[in-house]
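Residue strings, one per chain:
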Amino acid sequence: MSVGKNEPRRDGPAKLTGRALYLDDLDIPGCWHGATVRSSVPHGRIKSIGFEPGFPWDECVVVTAQDIPGKNVVALIEPDQPLLADGIVRHREEAVVLVAHADRATAYEAAKRVKIEYEPLPPVFDMERSDKTFKSFLIQRGDLDAGFAAADVVVEGEYRTPSQEQAYIENNAVAAYEENGVLIVTGSLQCPYYVLKALKHIFNRDESGIRVVQTVTGGGFGGKEEYPSMIAGHAALLALKAGRPVKIVYDRHEDMAATTKRHPSIVRHRTGLTKDGRLVAQDIEVVMDGGAYATLSAVVLSRGTLHAAGAYECPNVRVRSKVVMTHTPPNGAFRGFGAPQTLFAVELHWEKIAAALGIDSLTLRRRNIFKLGSTTATGQRLLESVGASECLEKTVKRSKYASKRREYDRWNKNKANPSWRGIGLAVCHHGAGFTGSGEVYLASRAGVALTRNGELIVLAASTEIGQGTNTMFAQVAADALGAPAAWFSVETPDTHKVPDSGPTVASRTCMVVGGLVSRAARELKRAFQTEYGRVPKTAADLKKAAAALCAGAPARRFEVQYEKPPEVAWDDAAYRGDAYGVYSYAAITVDLEIDKLTYETRVRRVTTAQDIGKAINPLLAEGQIIGGSTQGLGWALLEEPIFKDGVMVNSQLTNYVIPTSLDAPPFDVILVEKPYSRGPFGAKGVGELPMDVPGPAVAAAVLHATGRLIPTLPHTPERIAEALK
Amino acid sequence: MIMLTVNGRKRSFDGAPFKRLIDALREDFKLTGTKEGCGEGECGACTVLLDDEPVNSCLIAICQVEGRAVETVESLGAPEKLSRLQAGFLACGGAQCGICTPGMLMTAHAHLKSGGKADDRSVRAAISGNLCRCTGYQDIVKSVIAAAKGRRK
Ligand code: FES
Ligand code: FES
Chain A
39 MSVGKNEPRR DGPAKLTGRA LYLDDLDIPG CWHGATVRSS VPHGRIKSIG FEPGFPWDEC
99 VVVTAQDIPG KNVVALIEPD QPLLADGIVR HREEAVVLVA HADRATAYEA AKRVKIEYEP
159 LPPVFDMERS DKTFKSFLIQ RGDLDAGFAA ADVVVEGEYR TPSQEQAYIE NNAVAAYEEN
219 GVLIVTGSLQ CPYYVLKALK HIFNRDESGI RVVQTVTGGG FGGKEEYPSM IAGHAALLAL
279 KAGRPVKIVY DRHEDMAATT KRHPSIVRHR TGLTKDGRLV AQDIEVVMDG GAYATLSAVV
339 LSRGTLHAAG AYECPNVRVR SKVVMTHTPP NGAFRGFGAP QTLFAVELHW EKIAAALGID
399 SLTLRRRNIF KLGSTTATGQ RLLESVGASE CLEKTVKRSK YASKRREYDR WNKNKANPSW
459 RGIGLAVCHH GAGFTGSGEV YLASRAGVAL TRNGELIVLA ASTEIGQGTN TMFAQVAADA
519 LGAPAAWFSV ETPDTHKVPD SGPTVASRTC MVVGGLVSRA ARELKRAFQT EYGRVPKTAA
579 DLKKAAAALC AGAPARRFEV QYEKPPEVAW DDAAYRGDAY GVYSYAAITV DLEIDKLTYE
639 TRVRRVTTAQ DIGKAINPLL AEGQIIGGST QGLGWALLEE PIFKDGVMVN SQLTNYVIPT
699 SLDAPPFDVI LVEKPYSRGP FGAKGVGELP MDVPGPAVAA AVLHATGRLI PTLPHTPERI
759 AEALK
Chain B
33 MIMLTVNGRK RSFDGAPFKR LIDALREDFK LTGTKEGCGE GECGACTVLL DDEPVNSCLI
93 AICQVEGRAV ETVESLGAPE KLSRLQAGFL ACGGAQCGIC TPGMLMTAHA HLKSGGKADD
153 RSVRAAISGN LCRCTGYQDI VKSVIAAAKG RRK
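Residue numbers (this note's numbering), protein chains in the order written: chain A, 39 to 763; chain B, 33 to 185.
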């Protein structure tokens, strides 16, 4: 068995020796460099585009919206976002003109010498003032009025979360060229088939005329889900016009200022409880800032909405949500995908309720938390794999939460101490896979190929972006077949080689696509058994078996398609039913200390138990948990994109601060494995859950330390000082 | 003409004297293991050793390197024969997306080579100029400590 073992990661040796080739490392003969001219106003009409005289424009290739052969749109959900602004710009840093030159510096210089004049139009930056809603949702359960009538107390709260930059260390980078009439686009990206879809519309070509290939990718976290489609379109336009390869590699400032970030949010809670702390009514309102174009906002809002009531059972619930337009660069996918925002609110709200009722938040959580058989706000009955309580209890015990609370109460009473100390708690759920009926629409395919020489190759479009996908796929395929993991390689995501297994998002790679890979490997196993009499045991035997199964053909593919589990039922119109096949669960305690002079927070220790069904590779799973939760701590304490006139002004790693090795605390991780019958070997999702929990736990710990509930992230020294004034 | 040693070999460079070291390494010497994350001395992805000291190669002009010795990630092990430090990273989960890894390895390599301590606090301090967005650092720290312990054995 390979599943459950810490197989060393497949891509490790190449990455550790500098041999792994990221986009900018590729030596593409004759490749030019592309640069982007971006809008300098948040909203305006383009009056003219001018080219400064005296510059060698004849050495450059220049592209505007007029050069687009097909539709001027980056096709995703709504066809509203142009590839290049034409007539109107709707946010700062919107792409208007492209230039390419043989020399990188000259290309950037050329971009500076394109002068665009605008007639300014009024911008909207405040999401509460926007009059354009991209999408709204309504969830209703029970009878809200009756619930509030039965409540002994009603507690209200408003919570705000900021944007967040993914800050992958490899900036966006894409190259394009044409070869034998096929447009080839290669780059740092999460979703090759999203790029393909966008390019089909831009170039009026079908999939045989476009090939999208992922290169080694230096981190994504959602940030390379959609925006690479834009850059791919740009690079391809330049390459086709120049008649040679062109690559576009963003610098840090450009990447931060122009590309998608986490949606800022405002969440309001009105909660009714009995005096012994049972939830009887939750009325929740969510507003998210989508930025200038719809992009993925509807799906981000959906996930935020479906998680807004938290991992607790309440008979009467209403969640109203909307995502609106503002004149800022579009917000998009970032690990957690809307859930960290709404979960921050519902979790921190427990502290407010605790104060109102005089019952501590741990006890309140214990009274209301999801158990086997609980029903969610959408009416979903949780019939298996519910590890919420176990995560909570294990975290509380391991971190000595109760005794630490008392110890820090004493510490904080002593005025002579140089710091305040606190420990805070949070428990979250996170739906694995696409929302609602999303997986049905996706109809993902994945497979396993057997070549006649006996090579076994996993075929999926799911991308390795650092999480360990390739290693995990090989482990799953090997165990499903009953063969060593070393027999399997994983094909590069290439739209001319692998089937569309859907995007690498939504904690779906392991559970959904891993499940497909496992099924395909089982089909191969059946073929070995029926056509060869057995599953081969040795490498020599595999060669013979392969020759028999391929019967002269170069290879045989075993491909399967997603099938909805029959027990999962979802009504998209009413927003009721089984929102996700299953949920993962996590609890966390954050133990921290605030300096009384500087108001700086130091996280002393994090303890977290996470129920992910089954850890296919525990080392990789822990890597996701520690890495994801560190991003959550960054969001909670350090990271704040500052916007001025619709543009991020701190778009550098010097002034947008992410955690360093000295900021990151020691982590104590407990893996909880409540298997899910539909996941491969019981596995559920793991990628995003770790991002959900730190925010509210930090705020609860700051409350414990200082006595102030600060409902807005991040808890920077300035914000804490302000709250203590 | 600028003369320098790169990974133990004498090399000459006769391009623009103010070309950034990172660009000379990547473009002229075809050593693309050194990565650029920010270009302004903030992320450490471009870390190389200059006469055994870790430096950000995005902040150094090639002319400053005249007569000196540069070591990049390519000077450590090969995929089939990883150095002990690289093997530590592989065993302990020190690399995820891998883009920070070459710089991280060079910083850790310099730390251990100069007799730096292999405990949690010292390693964290040593690598504090190298940003990693994937790992949360704990497994990187473990990797370095494991490699150092292996060396003493
Ligand atoms: S690229 Fe040199 S420090 Fe970031
Ligand atoms: S492994 Fe991805 S940035 Fe460090």
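Simulated from the structure, these hints should not be mistaken for lab results.
This structure is a prediction, so every number in the text was calculated from the model and none was measured.
It is possible that part of the hints are untrue.
Said to hold, decoys possible - Calculated lysine-lysine pairs in the DSS-like style (CA-CA distance at most 30 Å, straight line):
| no. | chain 1 | residue 1 | chain 2 | residue 2 |
| --- | --- | --- | --- | --- |
| 1 | A | LYS150 | B | LYS113 |
| 2 | A | LYS313 | A | LYS150 |
| 3 | B | LYS174 | A | LYS432 |
| 4 | A | LYS438 | B | LYS62 |
| 5 | B | LYS181 | A | LYS153 |
| 6 | A | LYS279 | B | LYS113 |
| 7 | A | LYS435 | B | LYS113 |
| 8 | A | LYS575 | B | LYS62 |
| 9 | A | LYS313 | A | LYS432 |
| 10 | A | LYS43 | B | LYS51 |
| 11 | B | LYS181 | A | LYS43 |
| 12 | B | LYS174 | A | LYS43 |
| 13 | B | LYS113 | A | LYS581 |
Said to hold, decoys possible - Some chain B residues well away from chain A (every beta-carbon gap over 10 Å; in silico):
| no. | residue |
| --- | --- |
| 14 | MET35 |
| 15 | THR37 |
| 16 | LYS42 |
| 17 | ARG43 |
| 18 | ASP60 |
| 19 | GLU72 |
| 20 | LEU91 |
| 21 | ALA93 |
| 22 | GLN96 |
| 23 | ALA101 |
| 24 | GLY125 |
| 25 | GLN128 |
| 26 | LEU144 |
| 27 | GLY148 |
| 28 | ALA150 |
| 29 | GLY182 |
As the list claims (entries may be wrong) - Just a few of them, taken from the derived set where beta-carbon distance is under 10 Å, the chain A residues facing chain B:
| no. | residue |
| --- | --- |
| 30 | THR55 |
| 31 | ARG57 |
| 32 | ASP62 |
| 33 | ILE66 |
| 34 | ALA188 |
| 35 | ALA205 |
| 36 | HIS291 |
| 37 | ALA295 |
| 38 | GLU493 |
| 39 | ILE495 |
| 40 | LEU657 |
Where is the CB? At the ideal position from N, CA and C, for every residue including glycine.
Quick check: which numbered hints come out false for this structure? Violated hints: 1, 2, 4, 5, 6, 7, 8, 10, 19, 24, 25, 33, 34, 37, 38 and 39; rest satisfied.
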